[in-house]
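**Q** Chains as they are written, first to last, in the working numbering: chain A, 165 to 811; chain B, 18 to 179.
Read the hints as simulated data drawn from the structure, not as lab findings.
Each residue gets a CB set at the ideal place from its N, CA and C atoms; glycine is no exception.
This list has only true hints and no planted wrong ones.
To give an idea of the chain A side of the interface with chain B (calculated C-beta under 8 Å), a few residues: (1) Asp231; (2) Gln291; (3) Ala294; (4) Gly304; (5) Gly305; (6) Met306; (7) Leu307; (8) Ala324; (9) Leu333; (10) Phe744.
A few chain B positions that, by computed beta-carbon distances, are all more than 10 Å from chain A: (11) Lys22; (12) Glu153; (13) Ser159.
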Amino acid sequence: MSVLDSKAPKGELKDKWTYYKDHVNLVNPANKRSIDIIVVGTGLAGSSAAASLAEMGYSVKAFCFQDSARRAHSIAAQGGINAAKNYKNDGDSTFRLFYDTIKGGDYRAREANVHRLAEVSANIIDQCVAQGVPFARDYGGMLDNRSFGGTLVQRTFYAAGQTGQQLLLGAYSAISKEVATGSVKMYSRHEMLDLVIVGDKARGIIARNLITGEIERHSAHAVLLCTGGYGNVFFLSTNAMGSNVTAAWKAYKRGAFFGNPCYTQIHPTCIPVSGDHQSKLTLMSESLRNDGRIWVPKKKEDDMAIREKKKKPTDIKEEDRDYYLERRYPSFGNLVPRDVASRAAKERCDAGFGVNATGEAVYLDFAHNMKYKYGKVEATKKGITNPTEEQLTALGKEVIKEKYGNLFDMYMQITGENPYDTPMMIYPAIHYTMGGLWVDYNLMTTVPGCYALGEANFSDHGANRLGASALMQGLADGYFVIPYTIGEYLANDIRTGKIPINSPEFDAAEKGVKERIEKLLNNKGTKPVDYFHKRLGKVMWDKCGMARNAEGLKQAIEEIKAIRADFWANVRVTGTANEFNQELEKAGRVADFLELGELMAKMLWKEMNHVEVTSVESIKLKKVKLCVMTTNLHTLRHGNLKEMVNL
Amino acid sequence: MRSFKDGDVIYIEPFRANSFPVIKDLAVDRSAFDRIIQSGGYVSVSTGAAQDANNLPVPKNDADKAFAAATCIGCGACVATCKNASAMLFVSAKVSQLALLPQGKVEATDRVLNMVHQMDLEGFGNCTNTGACEVECPKGISLDNIARMNREYLKASLIKEK
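Only chain A is shown next, with the shape it has when bound in the complex (with noise of 0.2 Å):
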């Protein structure tokens, strides 16, 4: 039995990054070229990642499953990165971008690791700079900054509206550059399907090359799963089509614990759903709430000749407005945080003010900073007295333009409507995970030598992730914490030599992978994959998804066990094994989310019920196999840390 250990440094908050550089273990630089490292995954954690440690000198191996490391999801991220740079000179800090980010996690994220985020927050930008990535800039030559939810203070970096595809290629050239020295070696279009534990310990990986349909072996001293989040459990989300849980999974499978799995994040500023056909939803980015503001109509009778189309959004007067966001929270307004926000808009939309056919919808609505906040300064700028209201809409619309073109273009090509000339709409849509793999202070999960970093693992965000912190963590992550925390594991590797890779455990694994294909191909059902994703979604959705009861949680438990029962009877996957097999790797993924599916909805069912985990003797391994009880770190927070676990 051993008890979950953070391993976080002793002494005070602040202290304990510094304290904990200064002594961990290091390897050294003769010793690392003899040191394999599996990286599953190439967005910014596992791209950030792979790179620096092949800097440091280490051989690693890099896994990504899409056709490059380039087209990882990290790169659909729109509106930007956190970091303590204060170069606004508006009160910001380390102390301050920390003390955000655990309040807006609900106090629930491990605060050694929060604290030592914002420490290397700035580190990022500056790394990022050198690299060349273009972040907006104001005439001074100098980096531009912008406000994001949760937060008073102006910390955000951007590259428009797509600072995340910006970020991803340049941890992309510094993978690159790895390649072209062959110390990264990259496995394109390989999927991890299973970890291989040698003695106790994460010795590698078996992969299925997605073009050929080989299954090969690949072994390391340590793997780092930066495989992302888990959101398309919900069949719809923001998130890619390809994004999976599998790798993760499959370490959970090998004992890695899982950290909060019912921590999913729902995201205010969607496009809202428009039919059963669809396959995926479309984020529009949180920085708009800097200029847009939210609101539906005061009355009924508008509401309902809104929905008939026998009124415009535009016609509704100023005073028949409710601008709830506003109106409830007046001090950060239209930029409260994300689960705010989400839970404001279903509220409305429950009373039954919703503004689109399906009532679940509410407007973001640009007029007004376009007129009174953008137009007046440029007319000023331009020296026009007594502008006319036209002409402060059309300058304004030059400012909006430049600093969200891309995004109403995307509102534009997807919604056919003129986000410029009437309000967009949104609903809030599931778009990242807080859980994902419990993570020691290293970033080592509760199996030795397997990693996870970046959305992958649970430690950072609490229950609620505020924007703009997804990209500094992964890169956090990637560039500046795990070059130091490996070593510390490493170091007792130097003399173990290569890990063979035609050992009992090696062959067990790629068996029982071999197997599941050939269940899966073999299977010979009816129906096809994308059926019972999306009857899984339709559960999660419903019964796990921003509103949950006891009642509705106990029913999707056993609602997702007939599902998954129906699959593995009924499902039908075309093709072969040896092939490019989309169907096949689709099925796999979907089998994966079944089991954690009823997972998810299963640790919401004992939070509702109040099981709490209080004692040194509950949190023993067997116990919290299922997850980390949040209530615990809710209870550490307040007060008895010295008799609690180190969670």
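Keeping the supplied structure of chain A fixed, place chain B upon it in accordance with the hints.
**A** Then chain B, alone, in the frame of chain A:
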């Protein structure tokens, strides 16, 4: 898709270019783009070696142009639509982004020579200024970038020490 009516014919085919071999159905292998980036599409800065981000001011105009080039998503539509299967728009977008920024200046000479060399090795065709790439580009990358790359290439060829 809104512009299509019921009954309209849509013709779908994989990207056509010898340098993008077809894997299966509509999927093609675009790893040639990865190898071009590996030949020099980066700034050689190791993690931890960076100075404070604001120590290096970049004129807004340059930063905006670099950003416009950096919006390239490497989809390869430029290659597929080009009658010569030229990758000049893709390569020039990366060369331009880094040539416009002070961070990229140090390696600018080698970068443009190496990337163009790799582009040729991969079998992409030459640019004949048709402009189909610019029309097709989903991110609106401008032909100006190709002109800039040609200038950079000429300059580099002249000053490169053998």
